[in-house]
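Enquirer: Spelled out from the first residue to the last, the chains are:
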Amino acid sequence: DTEVTQTPKHLVMGMTNKKSLKCEQHMGHRAMYWYKQKAKKPPELMFVYSYEKLSINESVPSRFSPECPNSSLLNLHLHALQPEDSALYLCASSLGLAMYQETQYFGPGTRLLVL
Amino acid sequence: AQSVAQPEDQVNVAEGNPLTVKCTYSVSGNPYLFWYVQYPNRGLQFLLKYITGDNLVKGSYGFEAEFNKSQTSFHLKKPSALVSDSALYFCAVRDNAGGFKTIFGAGTRLFVKA
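Each protein sequence line maps, in turn, to chains V and S.
Those letters in the first sequence? Residues 45 to 159, per this note's numbering, in order.
Those letters in the second sequence? Residues 3 to 116, per this note's numbering, in order.
Hints listed in this document are in silico derivations from the structure and should not be mistaken for laboratory results.
Keep in mind that this is a model prediction, so the values were computed, not measured.
Beta carbons are placed, not taken as given, at the ideal position from N, Cα and C, and that holds for glycine.
Heads up, a few of these hints could be off.
[As the list claims (entries may be wrong)] Partial chain S-side listing against chain V, Cβ under 7 Å, derived:
{"#": "1", "residue": "Y34"}
{"#": "2", "residue": "R44"}
{"#": "3", "residue": "G45"}
{"#": "4", "residue": "L46"}
{"#": "5", "residue": "I53"}
{"#": "6", "residue": "G109"}
Please model the entire structure based on the sequences and the hints provided.
Expert: Right, dumping it as structure tokens:
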């Protein structure tokens, strides 16, 4: 199983809403990532978890709150977002052992629209 | 600092013709280079990577890439393009200073015309 799943596929939310994005993998990977991607642009790294601990936070606003409850699951909690946060949010995972050489496997993404 | 450049925003090729999508890199130390493809409204799919060894790397869907150290290039190639290859292609390098970061090029949109 080389699949990363993400739910929901689409999400529309108001600026006062609270919502969560979910990502799951069962490949035994110990590194998991959140990326934000605007249309026709490369993905931008937001957060990296390694062995369920937050390793990298790329100066992301606090209205985005990641959570890694276990080695297979990664959540991104959203609160008080702005319209400019509308984007495709991608989750990825990698083995987490030989980092430089490792392939990242991406989920299909959640398309978020903030009204 | 590590970086990758994809000099072409768009590449157009006729079906059945060979295709090349260009990528150049700048790294300190050994480069760990990747190609990903993204179809509309989808996540990125891994195509191939260069870690060490043979300069010609073979990947998924008939794609290959040639690593050229002297020219610091890692161009993606396919001998015969298909309409279904039309997509957005990203070259990427792993940040060997930290390991977890992947630095993506700006992307090249490939159009294959029937």
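Enquirer: Quick check: which numbered hints come out false for this structure?
Expert: Checked against the structure, no hint fails, so every one of them is satisfied.
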